[in-house]
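Chemist: Protein chains in written order, with the working numbering: chain A, -19 to 132; chain B, 88 to 228.
Do not take every clue at face value.
Said to hold, decoys possible - Going by beta-carbon spacing under 7 Å, a handful of chain A positions derived as facing chain B:
| id | residue |
| --- | --- |
| 1 | Gly37 |
| 2 | Ala43 |
| 3 | Val74 |
| 4 | Met108 |
| 5 | Leu120 |
Honestly, the hints are just simulated from the structure, not real lab data. Heads up, the beta-carbon is just placed ideally off N, CA and C, and yes, glycines get one too.
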Amino acid sequence: MKQSFAALVAGLLFGLGLVVSHMIDPAKVLGFLDIAGSWDPSLAFVMAGAIPIAAIGFGVARARSAPILAAQFHGPSRTRLDRTLVIGAALFGVGWGLVGYCPGPALTSLVLGRWQSWVFVAAMLAGMAGYGFLDRASALFTRRYSTFISPR
Amino acid sequence: MENFTPLSALIGGALIGFAAAILWVSDGRVAGISGIVGGLVNPAEGDAGWRIAFLVGLCAAPLVYWTAGGGLPSITITGSVPLLLGGGLLVGFGTRLGGGCTSGHGVCGVSRLSPRSLVATLVFMAAGFAATFAVRHIVGS
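So that you can see chain B by itself, here it is in the shape it has in the complex:
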């Protein structure tokens, strides 16, 4: 547990929760990233404006953080190209089929105590544990 950062996790989490609250109370929209993006990939109605605005804010966040003196976040991506392609396809297809991801089901749905979201969150957590175990301890990449 040497990498455990409980305080920054709680503060960052609170920001995410606050963002979800703002989007629902002001716009009546669920802050589910896969749903917001999916609505642009497969447009159904003329509601692209708020989706694009949300994603611009999301994508600009590291730059805003950096401009405010916070430094650029350092990230480590271990995936090889087949893992990146396979993982990306599964995340894209699976989130649309299951109607949500970590944000839509895991944060918004769970905070509304939606039975669908509680089940989805348990399932994707379990699948995530299993896949990470397979990659790190069975295949050993």
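For reference, chain A alone in the conformation it holds in the complex:
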């Protein structure tokens, strides 16, 4: 319960940050991504504001063996720098540049009631579900045929 309350506060602050910085507006984000237009460096300043504060938080946590409200830290499950990371980031970047929406601003702007936001979020959730399906299918395939593909 306390964990969920902390998450609610964090989500609210995160969303307020997107509102205050105008990153909730795809046109603002495209102003940053359009270097050949009238370039707006604001997005870089959002990162510059966020990263040092987040780094302090991660630094404070390093002295602890567990978070305040939970049994353990859940860091990233994948740690290898591989092709999957690069391809995934490239696909994400293309989608981001087409519309100016990444997941946070897309979700935060739903409440403003524009149909375009809802269409984008529906497609985004379908993309995530599609990844989950392929991931499970490939895991099943690998388990079943691994002896033929890569004898170890």
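Following the hints, complete the assembly by docking chain B onto the known chain A.
Modeler: Same frame as chain A, now just chain B:
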């Protein structure tokens, strides 16, 4: 650069960084939006509670801002339906394949100096510049 808003960008960014710090220090969770949502779309364990709570806060933020007298944010979405559908699918699939988005890799990972996140951030920035250039200056929509 007539639309440049450095002060509100820094303040908003600081709020985002503070949110990421709270979620990690108190719950031990990374404030990566695609990871938080992805964990609900493809549930793996019984850990939906904190994810839903975070997303409720996130989605309620414009209303809270408005209630506090800040006014509703004005947004402009230029995408046509094919762009919205294609962009959404790519963002959803790509963030799960690459294990993060602007928040998980760009803010949390970079602030931890994770090599994976530094590379991912450079790649999605470059791809974003290229896609926006293509849409605005080659296709010219």
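Chemist: Look at each hint and say if it fits the structure.
Modeler: So, going through the hints one by one against the coordinates:
no.	hint	verdict
1	Gly37	2 Å, holds
2	Ala43	10 Å, violated
3	Val74	4 Å, holds
4	Met108	4 Å, holds
5	Leu120	14 Å, violated
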